[in-house]
Structures are given as C-alpha cells and as structure tokens.
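Student: Start counting the sequence shown at 408; every next residue gets the next number (my numbering).
Calculated from the structure, these hints are not laboratory results. Careful: at least some of the hints might be erroneous.
Beta-carbon label-pair distances, calculated as ranges [to be verified]:
hint	residue 1	residue 2	range
1	Glu536	Lys500	53 to 61 Å
2	Ala492	Ala514	47 to 55 Å
3	Thr434	Gly484	48 to 56 Å
4	Arg417	Lys500	56 to 64 Å
5	Arg458	Thr482	25 to 33 Å
6	Ala511	Pro531	19 to 27 Å
7	Asn495	Arg457	38 to 46 Å
8	Pro532	Val469	23 to 31 Å
Ideal Cβ positions, reconstructed from N, Cα and C, are used throughout, including at glycine.
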Amino acid sequence: MPRVKRGNVRRAKRKKLLTRAKGFYQTKSKLYRSAKESVDTALKYAFVGRRRKKRDFRRLWVMRINAAARENGLTYGQFMAGLKAAGNTLDRKSLSELAVSSPAAFASLAKTAAKAKPAVAKKPPTAAEKVARPKARAAAEAKA
Numbered sequence: 408m409p410r411v412k413r414g415n416v417r418r419a420k421r422k423k424l425l426t427r428a429k430g431f432y433q434t435k436s437k438l439y440r441s442a443k444e445s446v447d448t449a450l451k452y453a454f455v456g457r458r459r460k461k462r463d464f465r466r467l468w469v470m471r472i473n474a475a476a477r478e479n480g481l482t483y484g485q486f487m488a489g490l491k492a493a494g495n496t497l498d499r500k501s502l503s504e505l506a507v508s509s510p511a512a513f514a515s516l517a518k519t520a521a522k523a524k525p526a527v528a529k530k531p532p533t534a535a536e537k538v539a540r541p542k543a544r545a546a547a548e549a550k551a
C-alpha cells in the first residue's frame, strides 16, 4: 500500500480547528492539541446548552404564570387545570407573555379558569395513612 503524507488535508483540518478556537485563552487558541480539547468541550457545552435553554425558558414561563395566577386568587395548578377544563389551548409561552404585557387579559383568562376549574374532592385519610404520619402515630400510641 502506498504511503500517504496528507500535507494539504492535514493543514486544512488543523486550520479549520484553530479558526474555531479563535478567541480562546492563551494556548487554547494557538496550539493544536489544547485547541482541539477546548473546541470539543465547547461543542459539548453548546449541545447541552441548546437543550438546557428549553428547560430554562419553560421554568421562567411557569414562574410568570404562577405569579400572575396568584394575583388573581389561583395557584398555577388550579389555573392550568381550569384552562384545560375550559378548552383553552394557549401554550405557556403565550400565557406568560399575556401575564407580563396585558394583565387585564390574563385576569379574564383567570376568571374563565376559575369558573371551569374542576372541584377537587379530598377523601379522608385511611388508618394506614394516619399511622404513617409521626404525630398521628404518637397520638395513636397514646390512646392505646
């Protein structure tokens, strides 16, 4: 098999990688090996960050909706359950935008959600659940 020297290909490959490492600190933008490690790490964090951004924005939207819903006398869960029961299909992004930009429109949505909110019937705890709680267990032992 003939020998391959890779002159142009090697240079192009290294130049491309060093171009990606532009702006990195000291040798990380100048020496091939450390630049390669830094670029690989940066690409890894970029990949993770793209997924993390989706999480972070959803958390922000939920916080905004929760704050606005509490101003209208509902919790976030009650508000969302009410909207679902009312057949409203607005997503969290647009709901949070409404909460920030036009509180009056959000208040009308909250009223709709409060009317449509399903009534939650709490069942009394069973004997086993009562005993599982420490204070209830102590009271049960005191009676016995």
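Student: For each hint, tell me whether it holds in the structure or not.
Tutor: Hint check:
1. Glu536 <-> Lys500: 53 to 61 Å: Between Glu536 and Lys500, where Cβ atoms are some 39 Å apart, the hint is violated.
2. Ala492 <-> Ala514: 47 to 55 Å: 18 Å, violated
3. Thr434 <-> Gly484: 48 to 56 Å: Check passed, 53 Å falls within 48 to 56 Å.
4. Arg417 <-> Lys500: 56 to 64 Å: Roughly 47 Å apart at Cβ, these two residues miss the hinted range, so it is violated.
5. Arg458 <-> Thr482: 25 to 33 Å: Hint holds: Cβ distance 28 Å, inside 25 to 33 Å.
6. Ala511 <-> Pro531: 19 to 27 Å: Since the Cβ atoms of Ala511 and Pro531 sit about 41 Å apart, the hinted range of 19 to 27 Å is violated.
7. Asn495 <-> Arg457: 38 to 46 Å: This hint is violated: roughly 30 Å between Cβ atoms.
8. Pro532 <-> Val469: 23 to 31 Å: At 29 Å between Cβs, range holds.
Checked against the numbered hints above, the structure violates hints 1, 2, 4, 6 and 7; every other hint is satisfied.
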